[in-house]
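All chains should be built: construct the whole structure from the sequences, respecting the hints.
One letter stands for each residue in the lines below.
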Amino acid sequence: MHIALLKVTTAFYLVGALLYLYFIVTLKERGAKLGRMFLLIGVVLHAVGFVARYVAAGYTPITNLFESLSFFALAIVAVFLVTELRYNLRVLGAFIAPLGFVFSVFSAFQSGEVARLAPALNSYWLPIHVMLLFVGNAVFAIAFGAGIMYLLQEKEVKRKRLGAIFKRLPSLDVLDEINYKCLTVGFPLLTLGIITGSIWAEYAWGSYWSWDPKETWSLITWLLYAALLHGRLTVGWRGRKAAILAIVGFCAVLFTFLGVNLLLPGLHTYSSLSG
Amino acid sequence: MADDKRTQSLMDKVWNFFTSLKLAITVLIILAVSSIFGTIIEQNQPMEKYQQVYTDASVRIMDALNLFDMYHSWWFLLLLVLFTVNLSCCTIDRLPRVVKIVRNPKTTLDEGLEKSLGLVDRWKKKGALDAWVEKYAEAMGKEIGKPRVTRNSDIVHLYAESGVVSRFGVYVTHLSIVIIFIGAIVGNVFGYKGYANIPEGGSVRQIPTRGGTRPVDLDFEVRCNKFSLTFYNDKFGNPTQQPKEYASDLSIIENGREVLRKKIVVNDPLQYKGIWFYQSSYGPTGAATAQVAVVDPAGGPVTGLALAAGQKTALPGYGTITGVDYQPNFQGSGPALLVVLEKPGQPPAQVWLPQGKPDVDRKRNDRYFFSFGGLTQGFFTGLQVAKDPGVNVVWVGCTLMVIGIIIAFFMSHQRLWIRLAPSADGRVEIVLAGAASRNRLAFEKKFEKIQDDFKAVSA
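From first to last, the protein sequence lines stand for chains U and C.
Using the working numbering, you'd call the opening residue of the first sequence number 75 and step up by one each time.
Using the working numbering, you'd call the opening residue of the second sequence number 26 and step up by one each time.
Source of the hints: derived by calculation from the structure; they are not laboratory data.
Glycine included, every Cβ here is placed at the ideal spot set by N, Cα and C.
Relax, there's no trap hidden among the hints.
Pair by pair, the computed Cβ-Cβ distance ranges are:
hint : chain 1 : residue 1 : chain 2 : residue 2 : range
1    : C       : Asn354    : U       : Glu187    : 11 to 21 Å
2    : C       : Val124    : U       : Ile115    : 51 to 61 Å
3    : C       : Gly451    : U       : Leu225    : 51 to 61 Å
4    : C       : Val106    : U       : Ile318    : 26 to 36 Å
5    : U       : Lys315    : C       : Met72     : 40 to 50 Å
6    : C       : Leu120    : U       : Ile318    : 29 to 39 Å
7    : C       : Phe256    : U       : Val179    : 30 to 40 Å
8    : U       : Ile115    : C       : Leu90     : 46 to 56 Å
9    : C       : Val365    : U       : Tyr128    : 46 to 56 Å
10   : U       : Glu187    : C       : Lys388    : 37 to 47 Å
Taking lysine-lysine pairs in the DSS-like style, the calculated list, with each CA pair at most 30 Å apart, reads:
hint : chain 1 : residue 1 : chain 2 : residue 2
11   : C       : Lys167    : C       : Lys149
12   : C       : Lys171    : C       : Lys470
13   : U       : Lys229    : C       : Lys47
14   : C       : Lys131    : U       : Lys255
Okay, here's the thing in structure tokens:
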């Protein structure tokens with residue numbers, strides 16, 4: 075049941091993403107409205123699927139690549155819907171909805187069978203640690219989307235050819251504001267995620283920090299966002315620089331999540347591919 | 026004098042260097058980028074392994090740069106020291122100023138301040154000034170906090186603030202990082218990490234440590250009473266090879282007496298005298314033996330055998346029996362043992378003995394029949410052992426960091442001023458101004474609401 079639900083969710087995300095793309099091309103309000111509806115239904119189905127899988131598996135389903143990609147997609151779309159509600163930024167959907175769809179579809183390529191939980195993952199820290207990080211990552215994904223929009227818009231403004239793109243994208247100020255907002259939500263979540271991970275590691279391995287690649291990469295991500303934060307607050311890294319760092323930061327987020335498991339050796343890779 | 030000035034300016038330069046935020050950002054980025062090396066080059070592996078992977082020249086260069094244990098190298102530690110010094114200097118430099126602002130807030134809204142604030146509004150009201158002072162003091166109390174009242178001849182200033190603690194969030198966060206570092210240093214200097222492999226029934230008093238040359242002597246004994254291993258079942262209820270849980274029943278023995286006993290599993294360690302024992306791994310001690318019962322259908326006594334793999338065991342008056350193969354899931358019906366039976370003058374016979382069907386061999390109508398009672402495997406439990414007297418300091422640091430970040434990110438120092446002065450036309454002129462240390466957009470909305478509410482206040 076839950077696997078079918080997650081597949082249906084992917085279809086909803088796809089239609090939602092296409093509708094938002096349709097909106098950004100034609101600027102027809104209906105596209106954005108319908109797109110939001112599809113994403114909303116998708117998120118609800120996704121959440122139901124997540125709970126169904128939790129019941130079927132007997133543990134929070136965020137333990138392998140299928141489950142964590144799927145949860146990441148859920149978090150991205152959910153955080154996007156909240157952002158859109160607050161800032162009325164429909165255009166962002168054309169950048170974020172496809173991202174949610176891509177993660178969802180990649181998850182669909184993995185075996186969705188409920189796996190057996192490795193003893194090391196059998197801890198109540200698992201949901202706390204992983205969910206905090208994925209919600210934080212989703213917030214950084216929004217900043218990433220806003221960063222790309224910023225660079226596009228800035229190019230447009232600099233060329234003084236306020237044409238098709240300019241009309242569609244929010245003002246540079248709004249984009250920069252989103253960048254900062256995401257940082258102030260994402261950074262605390264990332265910090266909490268790393269700290270809960272340390273506590274868990276201390277209880278599981280007897281070492282709160284062992285410089286394993288996953289830990290190190292999460293620290294690298296943290297340091298980059300900390301640099302951006304200080305740059306913003308004090309030396310005036312706004313606008314372009316902030317947008318670029320938000321993009322670089324999200325690349326580090328993705329590498330921490332996927333690259334480390336796929337390319338580097340370490341403790342976190344014990345159960346084929348875990349969050 | 027001139028000399029003095031030069032040294033002064035040099036000192037200033039050094040101080041300015043260490044208190045600069047550019048340094049902070051540079052160090053953050055250098056730490057981030059350099060950390061990547063240690064994730065690409067596997068850390069703390071034996072030299073031979075590196076020599077297999079890299080060319081001799083690159084091994085020499087990487088070794089010289091301590092890249093094989095880079096997070097403990099002098100240059101990485103130096104970066105961390107620089108980071109900490111920078112952090113501390115920034116705090117020493119800025120904290121007094123913040124304390125001053127907090128202790129002596131600007132309670133009067135003079136012209137200069139008014140011009141520097143973005144959120145300002147003015148209006149006039151009819152009536153007595155003192156009555157309006159009282160009204161607005163009450164209104165401010167509801168919005169932000171009880172205002173301080175300053176009277177300058179006939180001008181009255183009201184000042185109220187909230188969330189002043191948010192000014193300290195960043196320093197709490199910085200302090201927390203220093204505390205975490207202190208905890209880490211204490212742990213590294215006074216603690217150790219080791220491991221112990223204890224066979225079932227065995228015990229240890231000494232712990233070999235990682236990176237240490239001599240094992241640590243415990244002043245007690247750790248005994249593994251029992252090691253248990255359970256496997257997941259597949260869809261049909263047959264056991265798979267995938268471990269579900271492994272557990273060690275441990276006892277702490279001090280002065281010949283058992284003082285503590287606990288069954289530990291992964292994620293649930295045992296602690297005694299500040300030393301933690303974590304379930305980490307397991308392994309077999311020696312080879313497994315197969316338990317086989319020899320039954321006489323005529324009703325003679327049942328003998329039990331423990332067969333080691335491939336080892337011929339003699340059965341007097343019968344021949345020999347050898348266990349040659351074991352399958353955890355034979356023909357989909359659970360574990361089974363393959364034995365070879367040899368009788369003098371007869372060709373050897375191969376018989377599968379399924380564990381679930383103890384009577385199946387009876388059909389052979391032999392002198393004896395055999396039933397397989399399962400494999401017996403002795404195990405050792407693999408324990409991680411750690412003593413870290415700094416870990417609680419680290420947790421204090423982490424808690425402070427969470428508090429500091431919440432204060433810094435989610436609280437805002439909001440200030441509100443009102444100046445009431447008699448105007449030339451006999452009315453009271455009211456100037457309202459506000460400022461927030463963060464989340465200005467949200468404060469702007471709040472300010473607009475305050476504007477509307479305050480203008481609507483009637484005598």
